[in-house]
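Each chain, written out:
2 protein chains.
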Amino acid sequence: MPTAAVYYGEKDIRIEDRSAADVGPGDVAIEVRACGICGSDVHEYEAGPIVVPDDEPNHMTDETLPLVLGHECSGVVRETGDAVETVSVGDRVSVNPVMVCGDCRYCDRGLYNLCHRGGSIGLTAGVDGGFAKRCVVPAELAIPIPDGVALEHGALAEPLSVGLHAVRRAGVQPGDTVSVFGTGPIGLGIVGAARVAGARVIIASEPSDFRRNRAGTVGADHCLDPTDTDPVERIGTLTDGGADITFEVAGVEPSIKQAIRGTDRRGTVTVVSLFETEVPIQPNELVLGERSLVGSRAYSTGPLADEDWGMTMQNLATGAIDPANFITDRISLETIVDDGFERLVDPANEQIKILVEP
Amino acid sequence: MPTAAVYYGEKDIRIEDRSAADVGPGDVAIEVRACGICGSDVHEYEAGPIVVPDDEPNHMTDETLPLVLGHECSGVVRETGDAVETVSVGDRVSVNPVMVCGDCRYCDRGLYNLCHRGGSIGLTAGVDGGFAKRCVVPAELAIPIPDGVALEHGALAEPLSVGLHAVRRAGVQPGDTVSVFGTGPIGLGIVGAARVAGARVIIASEPSDFRRNRAGTVGADHCLDPTDTDPVERIGTLTDGGADITFEVAGVEPSIKQAIRGTDRRGTVTVVSLFETEVPIQPNELVLGERSLVGSRAYSTGPLADEDWGMTMQNLATGAIDPANFITDRISLETIVDDGFERLVDPANEQIKILVEP
Chain E
1 MPTAAVYYGE KDIRIEDRSA ADVGPGDVAI EVRACGICGS DVHEYEAGPI VVPDDEPNHM
61 TDETLPLVLG HECSGVVRET GDAVETVSVG DRVSVNPVMV CGDCRYCDRG LYNLCHRGGS
121 IGLTAGVDGG FAKRCVVPAE LAIPIPDGVA LEHGALAEPL SVGLHAVRRA GVQPGDTVSV
181 FGTGPIGLGI VGAARVAGAR VIIASEPSDF RRNRAGTVGA DHCLDPTDTD PVERIGTLTD
241 GGADITFEVA GVEPSIKQAI RGTDRRGTVT VVSLFETEVP IQPNELVLGE RSLVGSRAYS
301 TGPLADEDWG MTMQNLATGA IDPANFITDR ISLETIVDDG FERLVDPANE QIKILVEP
Chain V
359 MPTAAVYYGE KDIRIEDRSA ADVGPGDVAI EVRACGICGS DVHEYEAGPI VVPDDEPNHM
419 TDETLPLVLG HECSGVVRET GDAVETVSVG DRVSVNPVMV CGDCRYCDRG LYNLCHRGGS
479 IGLTAGVDGG FAKRCVVPAE LAIPIPDGVA LEHGALAEPL SVGLHAVRRA GVQPGDTVSV
539 FGTGPIGLGI VGAARVAGAR VIIASEPSDF RRNRAGTVGA DHCLDPTDTD PVERIGTLTD
599 GGADITFEVA GVEPSIKQAI RGTDRRGTVT VVSLFETEVP IQPNELVLGE RSLVGSRAYS
659 TGPLADEDWG MTMQNLATGA IDPANFITDR ISLETIVDDG FERLVDPANE QIKILVEP
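Same order as they appear, the protein sequences are chains E and V.
For the first sequence, the numbering used here begins at 1 and goes up steadily by one.
For the second sequence, the numbering used here begins at 359 and goes up steadily by one.
Hint data in this document are derived by calculation from the structure and do not stem from the laboratory.
Just so we're clear, the structure is a prediction, and the values are computed from it rather than from any experiment.
Just so you know, even glycine gets a beta-carbon here, dropped at the ideal spot from N, CA and C.
There could be a bad hint or two in this list.
If you only want the chain V side, here are some residues facing chain E, beta carbon under 8 Å, derived [claimed, not checked]:
#1 L469
#2 L472
#3 P612
#4 R624
#5 L632
#6 E636
#7 I639
#8 N642
#9 L644
#10 S650
#11 V652
#12 S654
#13 R655
#14 L691
#15 V695
#16 F699
Please construct the entire structure, taking both the sequences and the accompanying hints into account.
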């Protein structure tokens with residue numbers, strides 16, 4: 001019986017029978033209820049291995065592909081190792097996929113998301129993730145899902161935490177004007193988190209009609225189409241000079257340039273996207289306006305995971321963020337390639353988050 | 359009798375007799391003792407008018423060239439307007455050259471250095487500056503020089519404030535590791551101010567032997583020549599991973615790239631230079647390391663000038679910064695072109711700051 005979608009390399013994901021890892025004393029085995037497909041997964045499928053370890057194993061785990069992708073997962077604990085005290089069989093959990101070494105200069109300072117040696121389950125760590133019926137993870141990464149959050153919505157904790165982290169890293173405060181360039185899953189999470197943070201005005205710039213409209217549903221006050229409007233000019237008008245805080249979540253040259261120019265003097269541009277190539281920027285735009293360009297990576301993890309992960313769970317529990325706005329389809333493990341990866345390769349297929357439900 | 363060096367445009371500075379402006383009720387007339395030649399002045403001489411208003415007058419003053427350059431000046435008050443209460447005839451003052459409108463959205467927030475409409479005396483404001491025997495300025499810009507600071511050293515308050523502002527904007531704290539790319543007058547001021555701010559280790563990268571050695575005298579612990587050492591690798595070794603705070607004061611592509619890569623994860627690169635063109639950067643270096651690229655412009659001015667200007671005066675008064683390390687020549691007004699501008703055009707002439715003493 002097929003039990004997992006196993007990634008072997010570019011365009012090579014095989015649905016096959018694969019045993020989950022043994023449950024060590026500190027591990028838990030989870031029956032996966034839902035696992036979201038992330039843009040990183042799609043990149044690995046399209047052109048990988050990129051960040052999945054291949055010739056060079058992950059520093060900490062010493063693992064390489066083949067592996068089960070999937071780092072946005074929720075499920076029910078079915079087995080616990082002898083030393084596990086934090087969760088019990090039957091608990092509903094979401095998986096924080098980030099393994100950290102706990103011992104490098106960044107972990108020592110609580111900057112676990114910058115850990116030198118760690119990696120993500122189902123991706124950079126080289127160990128099996130959530131596109132499987134069962135997955136085994138260290139117990140500290142199995143985070144109980146609070147009452148009021150549906151089990152499958154626990155799978156959104158990961159991508160939504162990326163957006164919340166960016167909003168916290170940017171320092172959005174009540175009354176700020178915010179603009180967001182690119183409203184895929186992460187950009188939409190930023191719109192939602194900026195609303196939670198008390199932003200006065202949120203402006204989204206997004207060329208896809210589907211995603212732009214979705215930004216309005218999630219909480220953007222103005223949704224601009226950069227193919228027919230100059231977003232810099234329009235943001236300048238709407239905010240009387242530029243947004244206090246801007247997020248670059250598109251990862252392309254026009255967008256990062258517009259993000260800088262659409263930001264007020266002394267404002268902050270937070271870059272969340274990864275870029276395929278270098279991009280030309282004019283540093284004078286930073287100097288003369290005392291603007292800042294700030295990188296944001298993933299979310300707080302390790303012992304401090306609750307900073308982002310816990311608040312994201314709370315946003316789902318209170319309804320401050322409505323998961324229905326993010327999930328555009330639910331598919332089976334068996335059809336993950338055709339109904340999942342292949343559809344996400346082409347942005348014309350109007351999708352935000354597809355959940356795989358094994 | 360020649361009384362001023364008047365700027366008419368590219369390579370056209372004329373030593374001629376020019377009456378100082380009338381002393382209005384809120385103005386003071388200053389007998390200039392010293393005025394430093396800034397890199398901006400040299401750019402105007404070499405290839406201007408660049409920021410000096412020509413066809414389009416300054417928004418606030420409605421002035422254009424010809425004008426007397428010079429925005430780093432000190433002297434003695436010789437006449438005060440009827441309404442002036444802050445300084446008296448005979449007072450020793452340095453001139454804060456920045457005129458602000460006091461009424462824009464940036465002035466309203468105390469961000470006077472980002473004022474939309476203002477400008478610098480002897481430069482962007484289009485009004486006469488300090489390369490003259492006498493200059494007339496609004497009284498609030500004439501800042502008393504404290505005891506213990508020589509009159510001519512008051513002319514260093516302006517460039518040193520630029521360095522101090524950058525250090526404050528970067529948030530340098532005691533114990534931080536700091537690197538400085540480019541140690542001309544501003545970079546050297548940053549080295550000195552970082553020392554005052556308690557930096558644990560200061561590393562300078564500068565290709566000119568003369569300026570690199572000067573960085574050591576001012577307070578850098580390690581002085582690297584980027585033409586024979588990889589500064590990124592060396593900074594990584596010296597700081598165990600990268601500097602906490604880096605300053606880009608060279609304004610060229612290799613330098614800003616090295617500045618980013620030589621900065622630790624979660625570190626800050628403060629850009630102080632202006633660049634002639636766009637430069638290609640890889641935003642992933644910001645994202646994956648959560649690094650920040652922060653612009654710093656001029657110094658606190660307007661009613662808050664004391665934040666940078668006052669502290670700079672204090673650094674000179676206490677000896678924390680030794681003005682002798684910055685002044686490499688003193689020349690007369692009459693020889694300003696040959697002994698001043700022409701020598702500063704070529705970096706092979708080993709100069710930091712040349713003071714004109716009218």
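Hint check:
Given hint, L469/V at the interface with chain E, holds; its Cβ is 6 Å from that chain's nearest Cβ, closer than 8 Å. Here the hint on L472/V is kept, as its CB sits about 4 Å from the closest CB of chain E, short of 8 Å. The closest approach between the C-beta of P612/V and any C-beta of chain E is roughly 13 Å, which is over the 8 Å cut-off, so the hint fails. The closest approach between the C-beta of R624/V and any C-beta of chain E is roughly 6 Å, which is under the 8 Å cut-off, so the hint is satisfied.
A distance limit of 8 Å between C-beta atoms decides the matter here; for L632/V the minimum to chain E is near 5 Å, and the interface restraint holds. At about 4 Å, the closest approach between the beta carbon of E636/V and any beta carbon in chain E falls short of 8 Å, and the interface hint on this residue holds. Because the closest C-beta pair between I639/V and chain E is about 6 Å apart, less than 8 Å, the hint holds. With a least beta-carbon distance of about 5 Å to chain E, the hint placing N642/V at the interface is held under the 8 Å criterion.
A least Cβ separation of about 3 Å between L644/V and chain E falls short of the 8 Å threshold, and the interface hint therefore holds. With its C-beta approaching chain E no nearer than about 5 Å, S650/V sits inside the 8 Å limit, and its interface hint holds. Of the supplied interface hints, the one on V652/V holds, with its beta-carbon coming within about 5 Å of a beta-carbon of chain E, less than 8 Å. Interface hint status for S654/V: upheld, as the beta-carbon distance to the closest one in chain E is roughly 6 Å, under 8 Å.
Hint status for R655/V: holds, given a least beta-carbon distance of 5 Å to chain E, under 8 Å. The restraint placing L691/V at the interface with chain E is violated, with a minimum CB-CB distance near 31 Å, outside the 8 Å limit. Given hint, V695/V at the interface with chain E, is violated; its Cβ is 28 Å from that chain's nearest Cβ, farther than 8 Å. For F699/V, the interface hint is violated, since its Cβ never comes within 8 Å of a Cβ in chain E; the closest pair sits about 24 Å apart.
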